[in-house]
Every structure is written in C-alpha cells, then in structure tokens.
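Put together the whole structure using the sequences plus the hints.
Residue numbers (my numbering), protein chains in the order written: chain A, 1 to 410; chain B, 1001 to 1410; chain C, 2001 to 2410; chain D, 3001 to 3410.
I should point out that these hints are in silico values taken from the structure, not numbers from a laboratory. Keep in mind that a hint or two might mislead.
[As the list claims (entries may be wrong)] Result set (EDC-like, lysine to aspartate or glutamate): computed pairs, CA atoms no more than 16 Å apart in a straight line:
| no. | chain 1 | residue 1 | chain 2 | residue 2 |
| --- | --- | --- | --- | --- |
| 1 | A | Lys350 | B | Glu1045 |
| 2 | B | Lys1350 | B | Glu1057 |
| 3 | D | Lys3350 | C | Glu2045 |
| 4 | C | Lys2350 | C | Glu2060 |
| 5 | C | Lys2350 | C | Glu2045 |
| 6 | B | Lys1350 | A | Glu158 |
| 7 | A | Lys350 | A | Glu60 |
| 8 | D | Lys3350 | D | Glu3045 |
| 9 | D | Lys3350 | D | Glu3060 |
| 10 | A | Lys350 | A | Glu57 |
| 11 | C | Lys2350 | D | Glu3060 |
| 12 | B | Lys1350 | B | Glu1045 |
[Stated by the list, open to error] If you anchor each label on the Cβ, the simulated ranges turn out as follows:
| no. | chain 1 | residue 1 | chain 2 | residue 2 | range |
| --- | --- | --- | --- | --- | --- |
| 13 | A | Asp188 | B | Arg1211 | 39 to 47 Å |
| 14 | A | Leu170 | C | Ala2104 | 32 to 40 Å |
| 15 | B | Glu1057 | C | Gly2171 | 55 to 63 Å |
| 16 | C | Ile2153 | D | Glu3060 | 37 to 45 Å |
| 17 | A | Ile153 | C | Ile2200 | 31 to 39 Å |
Beta carbons are placed, not taken as given, at the ideal position from N, Cα and C, and that holds for glycine.
Below are the chains, spelled out letter by letter.
Number of protein chains: 4
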Amino acid sequence: MTDPQELADRVRDGDLRIHELEAHADADVACEARRLFVEQETDTELGTIGDYSFPAEQAEPNIENMIGAAQVPMGVVGPVAVAGGAIDGEHYLPLATTEGALLASVNRGLSVIATAGGADARVTKNGMTRAPVFRVDGVAEAAETVDWVSENIDSLREAAESTTSHGELLGVEPYVVGDSVYLRFAYDTKDAMGMNMATIATEAACEIVERETPASLVALSGNLCSDKKPAAINAVEGRGRSVTADVVVPGAVVADRLHTTPEAIVEANTRKNLVGSAKAGSLGFNAHAANVVGAAFLATGQDEAQVVEGANAITTMDTREGAGEDSTTDLYASVSLASLEVGTVGGGTKLPTQAEALEVLGLRGGGDPAGTNADALAEIIAVGALAGELSLLAALASNHLASAHEDLGR
Amino acid sequence: MTDPQELADRVRDGDLRIHELEAHADADVACEARRLFVEQETDTELGTIGDYSFPAEQAEPNIENMIGAAQVPMGVVGPVAVAGGAIDGEHYLPLATTEGALLASVNRGLSVIATAGGADARVTKNGMTRAPVFRVDGVAEAAETVDWVSENIDSLREAAESTTSHGELLGVEPYVVGDSVYLRFAYDTKDAMGMNMATIATEAACEIVERETPASLVALSGNLCSDKKPAAINAVEGRGRSVTADVVVPGAVVADRLHTTPEAIVEANTRKNLVGSAKAGSLGFNAHAANVVGAAFLATGQDEAQVVEGANAITTMDTREGAGEDSTTDLYASVSLASLEVGTVGGGTKLPTQAEALEVLGLRGGGDPAGTNADALAEIIAVGALAGELSLLAALASNHLASAHEDLGR
Amino acid sequence: MTDPQELADRVRDGDLRIHELEAHADADVACEARRLFVEQETDTELGTIGDYSFPAEQAEPNIENMIGAAQVPMGVVGPVAVAGGAIDGEHYLPLATTEGALLASVNRGLSVIATAGGADARVTKNGMTRAPVFRVDGVAEAAETVDWVSENIDSLREAAESTTSHGELLGVEPYVVGDSVYLRFAYDTKDAMGMNMATIATEAACEIVERETPASLVALSGNLCSDKKPAAINAVEGRGRSVTADVVVPGAVVADRLHTTPEAIVEANTRKNLVGSAKAGSLGFNAHAANVVGAAFLATGQDEAQVVEGANAITTMDTREGAGEDSTTDLYASVSLASLEVGTVGGGTKLPTQAEALEVLGLRGGGDPAGTNADALAEIIAVGALAGELSLLAALASNHLASAHEDLGR
Amino acid sequence: MTDPQELADRVRDGDLRIHELEAHADADVACEARRLFVEQETDTELGTIGDYSFPAEQAEPNIENMIGAAQVPMGVVGPVAVAGGAIDGEHYLPLATTEGALLASVNRGLSVIATAGGADARVTKNGMTRAPVFRVDGVAEAAETVDWVSENIDSLREAAESTTSHGELLGVEPYVVGDSVYLRFAYDTKDAMGMNMATIATEAACEIVERETPASLVALSGNLCSDKKPAAINAVEGRGRSVTADVVVPGAVVADRLHTTPEAIVEANTRKNLVGSAKAGSLGFNAHAANVVGAAFLATGQDEAQVVEGANAITTMDTREGAGEDSTTDLYASVSLASLEVGTVGGGTKLPTQAEALEVLGLRGGGDPAGTNADALAEIIAVGALAGELSLLAALASNHLASAHEDLGR
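Okay, here's the thing in structure tokens:
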C-alpha cells in the first residue's frame, strides 16, 4: 500500500504534480497525500477538513484535487405544510447555512403558514436552457439562419433528443445581434437540473445547424442561457422551474404570532421589496429569498452557484377582506421564483449527506412520473422562501410598530 | 446525562418543541435527539449528516435546529500567482464544490497565469452598505430630510460609529421615491464582511434621523443596500469589495497551453460575455465567475447567498502587441467583480473546516492593518475567477478551432 | 361666423371651458380662440405657434386643446444605400431635430456606407404586444388560468382577430407573479404601428379569459407589454420590429473618409458601447441610436414617446480580413434595434408634413403586401442609425488618434 | 439673387453637393433649393414642409441639410396647480404630440389635482454627467489613476470650470473595468440642459488626467454618462434633474371625478406599475410618463432623444386615512422622474415656436438665480406626468369597476 507521506514528498520534490496523485493511489490515500503536502507547504493543520465521512472515490465526479470536505452546519425547519402540484402534506426541510437566525426565522414563518392551513405551490413553467452563439457573415445570413431554424425544428429535436433518454426539446428561440445568432434551446430535463443534458443535446443540434446553414458555432454557451449570471432573460422567461408559493394568513394569526398587522407588512413589502428594488435597478423584488434557496441548495446537493438565478424572485403582500364573521383583514403573501434550477438526480445529489437530506424530503432520485420529484423540491423550497419572506417582513414591520408604540408612550 | 432517544420521544409526544432541545441537553446531545426524531418521522438514516467533526456548540452562532452537517468535497487549486495590493506571491486556494471539472479548469487557468508571470489584482473600492427606508408625508418632507442628512453627516457618523470598534462610516447617499426616502449608508468594515456591523450602526443613525427630521423608519433594509438580490446598484456602485484581476498571457503560452489563439479567445469573449450578456439583459458579463466565487465562499465560510452579488462581474479579453522580438500577439485578460462581499472574521469563518481553509491562505482572522486580510481574500478569489474565465473561454475557442480544423479536413 | 376673441372672452369669464371651444366654432377658430385666451392669461404673443400650415380639423385625431403647432427643423440625409428585405436602392431620409451636427454626422456615415456598396438590413422579428394583468385567488387559480390559455389559443385568436381587418394574433405568453397573471399578446399589425389595434383585439380576448377562467381583469396593460418604458422584455424579446443593419467598410475607406482605422473604431466601440454600457447597467449598447430614431420618428409621424424602446439597440464593430489583394483590415459594423415601433398608416402619419416626409421615402400608406412599408421604414431607419454609430465612433476614435499623433510630436 | 431652381439643378448635375448649398445662397434660398432637388428626385410635393414660419438662418445651430420643418400639433393643458421648490401657482403647460386623447387625459388629471389643492414638486438632485473612458495598462495603473483622481479633484475642477461661465463641477466618480477607467463627471449646469457644457468642461479635465496619470483617453463618452440610452445608472443615480411630484386626492374627489376608488387605483398601480414592471425587467415603473415628457420636450425645445431617460420614472399610489370627519380613504399619488434633462436656454429652446411655449410658462431664458427656470420646468413637467398617471390609472381602475358592476348586474 502506498504511503501518503511518501507521495506528498514526491509532490514537494516535483516528481509528481498535485493533480496526478489519484494515478498513484486510491482516492482516499491520494486525498490524504495532497492534504499532507498542502499542510507542509502552508504550515497548517487541516485535520477537520480531512475528517470527512464518505469514501473519497464517491466524490470523484464532483471534485478534483480533493483534500477533504467543508462541513457546513445543517438543521431542519418544518413541518412545511404544502398543497402543491407535485407534493402535499407536511415535510421537514433540511437547510445548511452559516447564517445564524436564518432557520429560526424560516421556522417561525412555516409555523404561521401551518396555522393558516398551509401554503399552495405550483410550478408554472419548466425548461432548462442552453444558448449557443454562431457567427454569420452578416444580417442577411442571420435572417436566413433564423428562417431555417424555425422551419426545421423537428430536425433539431431529433438530433437533440438522440443524446438523452429523458430530455425533451421544448423549443428554440432565435436572437440576432449583428453577425451573431443565438439560439436558446429549452428542454424538459425531468428530475435532473439538466445543465449537462441540455449542453450535450444542444451540441448535437448545433452540428445540424452548422451543416445546413451558413452559421458557424463560436461557443456552445452564448450567455443567453443564462447560467450563473444575473440576467433579465431568466427573470422574465424563466430557467429551470418557475414556481410560486402563496398563503392567506388570517389577521388574528398575524397579530398573535407575528405581532404586527397585515397593513404594516404590506407597507414594508411595498416600500422595500417593490419600490426599493425598483429604485435599485434590481431583478430581485424580495427580502432574502436567496438565503433559503442557498441553504436548501447546499443541503440537498444543488449547484451552489445557481443561487444566483434563484434570487430572481418577486414577493407580493396584499391585504384581503377577512373571510370570517369578525371582518378582520387578512394577509395574502406570495413568492414567485422565476428561475429555480433544481434536480433530485445527478450533480451533488448523490453525495452522502446530500442524499440523506433528499431522503428526509422523500425526494431522492427520479420521481414517478419523471420530473415530479424535482417539481416537488421546487415547490418545497418555494414554501420555505415564502416563510422566510413572511418572517422577515413581519419582523421589520413589528419593529416599526414597536417603536411607534414607544413614540406614543413618550 | 440526558438520553437523546428520550428527548426525541418527548418531541414526538409533543412534550417538547423541536427547537427547544438545546434547553434540555448540551448542543451535541440536542443535535442527536433532533436527528433521531427526524429519522423516525421520515423513516430515514442520517448517519453521515450526524458524523460531523466539531462540537455542535461551536456552530450555535451559525445555525438553529441543528441535525448535523452537510459535507461538501473540498480541493485546492494553485499555486495562485498574484501581485496584489494586499497579497503577493504564490498561494493555494481551497474550493468546495460539487461541480466536477471546475477545479481542473481553474487549475489550468492558474497554471497559465503562473507561466505568464502571475496576475495583478487590486481592490479599487470598498464599502458595505445598508439602506433603510423611511416614510415621509410627501416630497416636501422628503426634500427636507435629504437636506438635513447632507448637512448632518457628522452626527450620523458619530451615532453609527459609536456602535462599532472597527467600522467607519464612509458616506450616506439619499434616494427619494414619492413619500419614501432611502438612505444608503456605506461603511469600511475592515476584515469583517460587515453586514451585521453595518446594520447595527445604521440602526443607531436611524434614531437620529427619526428624531431630527419628519422621516419615520419603515424598515432597516429598504433594498437599496442591496443584499442577496441581483441589483444594478451593486453592479454599478459596488458593495463589499470591488476587485479586478488581470494578466497578459504571451501568445506562445496561449498556443502551447490553451491550444488556441488570443484572437479566438477574444472573439468568444466578445460574442458570449459582452454581446450575449447584453442581449440577455444581464448584469453579469462573464462566463462562470459565480462558480469560483461560490466554491471559495463555501470553503472559507463566507455567506453562500452572497454569491448572488459575486456574479456581478465583467470579463474582458483583448489582444495586445507582443512584447518580444517575434512580434506575436498576446492576450490581455481581466475580470472585475463589482460586489464581492468577503470577510476573514465573523460569520462562518470561525467554523473548523472553514478556519482551516483560511489558514491555508494565511488569512485567518484580522489583518494588519485591519482590512488587509479581507482585501487579500478578495484579490485571491478574483485571480481564481480570472483563471476560470481564461480556461473556459479557451476551451470554447479551441473546440471551435478543432471543429474548424475538422471542417478543413473534410 | 364666430369671433375668436369673443370666444376667448367667454373662456376667461368662466362661461366656457377651455376644452369646449370646438363645440362652438370650427376647429381653426376654436384653436385661435384658445390661443388668444392663453396669450391674454400669460401675457404672451404666440404668433408663430399659431402660424401652422394645415386645417386644424385634420389634427383632431391627434390633439386636444390645440393652440397651433410646434415647428421643428427638418432636413434630409442620404442617399441611404440599402439592400433590405423590404426595400432596396438609394433613398433620402427626412430627419427632424433641434440637435445641431446630427444630420451632418449621419450624412457622413451614409456616404461611407454608400462608398462601401450599401448596407444590408433585415427585420428579423415582428410583433406588437399588449399584456393585460388579471387577478386570481392565488397560484392554484393562476396555474389553472395559464393551462386554459395554452389550450384555448384558437378561441383567443378568434376573438382578437374579430376586431381587426388586418391584424393577426401571433401568440400569447403567460407570466405568473403571485395572484397576478399577465398574458402578453403579440400581433402582426402590418403597416400600422399597431398599439391601438393590439389593445382593442386584446380587450376582446380578455372577455373570453374572464368568462372561461377564474381570472378577473385588473388592467388592459399590465406593463409586460411594455409601452414607452425602458424594459428588458422589449430588449430581449422585441416589440414592433426587431431590425438589424450592417455593412463591411474597406480599410481604405475608413482611412480616407473617417481618418482613423478599423482597430481604433473597434476599440472605442468595445470600451464604450459594450463594456461601458455593461458597467452602466444599460439596455442600450450603442452610442446614440436614439438620436436617429427620434429624428426619423418626428419627421415621419411616429409616436415620439416610443423613442424609449427605439433606444434598445446593440452596436457591434469588428475587424475583418480584407477581401482585396492588399490584405488590409476592413471594418464590420452593425446596429440591431430590438424594439422599433413604426407604422406608415395611422397615428401621426396622416398629418401633412409627416405624410410628405413618408412620400420622400415612397412609403406613405399601406404596403403591398401589407406590412412591407413598415418593414421598409424600419430598415431605412436602421441604416440611418448605423450611419450615426459609424460616424460618431469614428469621430471619437480619430480624435484619439489625433491626440496620439500630437503626443508623438511632443 | 440666387435662383433656387438653378441651385437645385446644379445639385442634380453633380456640380454642387447637397450640403454645400448654404455656401451659395442665404439660408432660406438654400433650403428651398434643397427641397426642390428632393422633390424632383423623389417626385413629391413638399409644400407643407416648406411652409415654415421662421427665418431658416435661425435654425442653423439646430439642423443641417434643411428642407423645412415638421409641424406637430400643439395644445395646452392646465391650469397646472403646483407648489414647487422653484415655481408656484397655476400655469398652462404646452404639449406637442400626435397621440390623440393624451391632452384630454392629462387635463383630467390636472383638474383633479387642482381640486385637491394642487401638487407638491421638488427637484431632489441635479447634475448633468459626462463619463470619458480611458485606457490603462492594467488594474495596477487603474488603481493608480483612481487614486490620483480622488486626490486631485481640485485640479480637475479648475480645468473643467475654466471652460464655462456658469457650470460647476459637482464631483467625479471613478469606475474600473479591467484596463478601462471611466470617470463620471457631474455638473450643475444651471438653466442649460448642459450636455455640451459638460462635454467641453470634461474634455479640459481629461487633458489633466492624461498628463498626470498613465491613463490615455479613448472616448470622451464611455457610456457611463449615460446619454440617450436606457441605463440603470441614470435610474438609480439620476441625470439632469431628479424630480418628484405628489398629491393627496380626497376620496370624494376620486369618486366624483375619476369614478373609482383609491383602493382600485392602488391595486391597478401595484399590479401594473410595480409588479408588472418588476416582471418585465424594467427601469420604468410607471404607466406612460414618457408621453407627457415627450410632448413637453417637443413643445419647449428639449432634446427629443432624451425622452429615453425621461422614462426612468416610478409611480406610487397609496391609500391614506382621510383627514376629514367623514373618515373616508384618500389617495396619495406620486411620480418620481430620476433623470429628467431639461433646459430653458440653448438647444432647441431658441426656436420660435419653442421659445413661445416657454414664455407661456414664464420660463424662457435663464432664471434668477441661475438654474431656477430649469428647476421650475422640471417641476411643471413632473406635475404633468403625475396628472397623466392619475388619469390613466383611474381609467383602468374604473373600467374594471364598470365591468365588475356589470358582473353584479347579471
């Protein structure tokens, strides 16, 4: 058996390069050797990083140059009471974060939602996109290319779908800028987040485009996808799942549990989330949806950089005439996430702690029918985000009320 | 000693609430009890989540309702060769991710950068912001409030800075929309990411504003801050650190190591990152800066939801006349991150694996002078992002070249 | 016959209201009476405003409370050499503006374009949009409504098209935000700009939606149209015509006529129009396309407030290997206007000076086939905008070269 | 005296170029000759275009290649009841447009405002900007340049202000993207819109920057200005005047005059102007502010292409507890125009019809103190825009109410 220290020494001596260790030892030994080398080079002790709880081999599809694992505290919130298109009932939602008070806040919101009878949730649009950019000679060729694409969508579908057992091409939207043509391919990638599936399928379709039109591929991604960038195209047209969660909270519950009024929450939401975001030139009209999205992504093995698109969310709060006899005013609260990119298969979902977290939700692996597990995950996260919005806005509103009361007391 | 199973049973029986466990046992036992409860409720085994490597007590400032930890594979890239304003030399950068090929790609870029003599990096702006929103009667009072603020900045500074030993108020920018007044406070928070510091200091300043003007506080955050949302105000004016890294790569290195040409990389960057992002209505004119930001944030204990602002980056690529006698064309490459929010103290930086990762960089804790560690971390991450941009764009460009060659071969 | 002064006195005495004059005299007398009243109230002489050259009656569909006309200087540029999808050959383009040097600059650009053999131009997308907003009970009803719409597009088309002899419904795109559902209807409105046509047709379709779904109409325009506002949805998806014009200018022409180089123009375009606009959080990646759009709109009777959408334009400049033996570098220049809203019938196109201006272009009234006149107008304006971009960027680049030369001379 | 037809023939014969006519005849004859030439080339009659009412010579600073004038119908709305920072009382506002019903709608809104006791208005920020872009070697030089600028603002002010008798440099904001440095200069240009003043002053300052730093000027405008483009930087930070107008309309007035309720107007505003614009990725959170801005710009000689920035407006509507004994609910309405670029001297303000329109407002020429006339014009336009918003939203809301009533009647 290979000795990690010996391997580390060979790296130090230039005999081996740092990324070549896996060729000389099994994954765990290579990982240890690399960690030893780094410890010596940087005069550090990385014992906790090295104390991970899974075979390093299992992480090979996810990382290179492994030295161990980051451990991020994980908790649960819930029960999440939801009536969704793909999931119903009460569930515990695991969240991993380093931001103190986040889970407590979300939990408070979830408790209010449960008291109010649970939240509704629906995926209203679904499509993972990839948009290659092509070079043409000029707009005359661009127009020719766009025409060809609109008339030959079936050929493109055939090529694209030949590369995948699950994915379906939903459509191709062309965009022309000078001598660049962008084709935004959208796919139903079922329970996978689907970025890789979409890329491979699109590559196959691009070959047809190059063969049949004057267009020449410059880059498989031309940023009209748009992956991991804040972009209006995602906020407007969606990417991954577009999902909304909403709830009507009785005025009495707002008073008892959130210590404020529907009117005060609506005011805070309008001035902060709507008007404030408008003035900020924002694509995110919410308080902190990214906090819940990020923590759920981390817990369940989603792509942490896609929190960017997950922040494209609009929160609305409105008063409603109370249904009861006492004619109270109730609170309607919603959050609409335009581009939540989630999967329950592939990516980081297979890693042990992440797979366990998905099991807590009952959503590990493919759904039946395909796509329903990812839909359900999107809906659960949306309800979590709604709880976070409710709780934070209520806190802002009640602080204000509190100080208003103090003012009156003076 | 308390028995975890017994506590779990009490939660199941409704005798205890799930967040009350810490009141009845130490942090680790409470964590185990909660995990047991969740396992029984959801019929799961959460052994790996439970196999964390630090005293649960240590995570108390970071999480509630803890059941364990998410373990995310961590690797290193480097050496990162940098000539920065706050850091020089060669360093290893820890990255935690589940996205396969990311570290390999960044490492390739770093190797090219090192061969080219290293990258320059500079923090060109620094300021953590918090922007409360106030209600006034109308624009007449709004104008009065804005005038008062501009004339009494010293009073606001005194109040704000009384709450912090390190933070300095840099300025207050007012914005008026109807009967709402937003005041964007910007602080130098030194080595802390500073969101909490900025919030507390701003709260103190708000009391003065409420006392001295007709304005009444509605919410401590009015979304012109703007935290964890994609917002032009951050992309334009910055938040946290605005940091740029750049490098000139000799044409020969581009050819040998990236198997393409400066011209092909420039074309891919222009059509994808500039024109494509323009057409997408984007605030992110880059390829995948968020990948590196996200992985570095996770490894070093930054706020994972602030990856959103970290994606506000512009990548430029340009040809330059070669310096050598052979008159080759070289490649100028840069990435400018407008709003990178980092710290080396506070938040998740104290957690064991995260603290170890900061030690690998030599940046754990406060810098000397204060602020230089966070500056250095920003600069290192910027160089990592630059490496990722270089590598991905070169891959896109060389694929294109490859297929062009195939075309010629037909 | 009625005496204008007498009518003016009656307005002054409160006997008549200012907008009631047309009920008591013909249009010109009413106009004169109103002008007299305003002159007396404001102690002014409005003789030039009153010296308009058309029967006031003719302007009744365009204005209320008329007192005369604004006279804006009009000139011509050209010949505009264009090879378009709907127009070919050389044309004079009338422009009305108060900005000195604009026509001279555009004319210089057009002369360069003509020398280069003319510009190509194509309308690559066409659709006037109207997007009503509906209230639903919550996301469950929203999803139900969206489903109904996608399955009943034929009913909506029938209702919409029953209101118009020319317009065709191209599609309906739904967007859900909480308890609001937006339906973006897109129409081919042929030679009309089509806002009114689209509104009336959409109103008819809304009745069906209200009758058949739980949705209740709140406003016929829900701002996802989006009319006369800067909005990414228009810049990304287009509104009215999406039109591109481009040209390859030989390097020798750039040198002789623009006194600079393709490389210098490309640099100015990249740093200013691409990177500068990116950093500004802009939807307009051009130098001054709105100048040409605005001046052409004013001359030809388009809606002056739709200059807003006309500014959603991307200018690209790139070097190309010269075609000739001398292996010079040529310049590729393009401008792509995403949302140019033009018509040759209706609106202000019937007013005398505006109709004459359209006749100069040979584009007054409906085209054959329908829609081709408006297509042609869009293409001509795009070439004008391209000329303006070329000329201004060359001026910026040559100033730079000039001062560089001075530097060398020091 | 020169014969126009003879000159036209010389142009036709290639003996003269179309822009050279002014060298051979006075302005009016040259204009006629050019019009004759165009008529003959295009087989048209341009009699109305030729029937303008001012000496062509007077338009020489405003147009080249003149053939006459566009005549756009002008009307008045009012009285505009305003209590502003720079103007008080009741005024008539001239508007030129071809959009039927616009003046009627604005007038209805103004009448409501007057009944409500008039609107407040305030300019809350003022600064015309110009932002040149410089090339540096890389970020190290960029940081050096930014530092120099921040330490030498007095030198820049001296150079800039040496070029102008009125203008004052308010500040310089630096932005770094890779090897590009943008400096956004902001000026108080008093009663001039100030684009030219700002450009000339900035050019002088740029010479200092080039002399004292490594930075080399690429273009006097680097699009962070940002002129005539939709850009977040203007919507957030302002350009020209940032101006707000607001009013509280008693509930009884809303009912009697607008035939709807404050609640219905608030709902329409929230769903359309706030949430709808948010979903559209818009910078314009209003209904049709650009209509009033455009029509007022045209009437008073402003730059028609700057309607683009004029559309960066946010409209808010809110209910307020009624002040009276009857405890009705009142309506608070506001519009905040972030970047309204207006002047009362220079540009098109000197042309006869435009100067007359300014006289109607009592705002022709420079104010006393300097700047107050342009402030007043901004405030008046803001009140006009507010009236347009009120009227259109009320119309939308009352249509809805009307159909709701019909529903009830079924």
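Query raised in the report: Taking each numbered hint in turn, which are not upheld by the structure, reported in ascending numerical order?
Result: 5, 6, 8, 11, 12, 13, 14, 16
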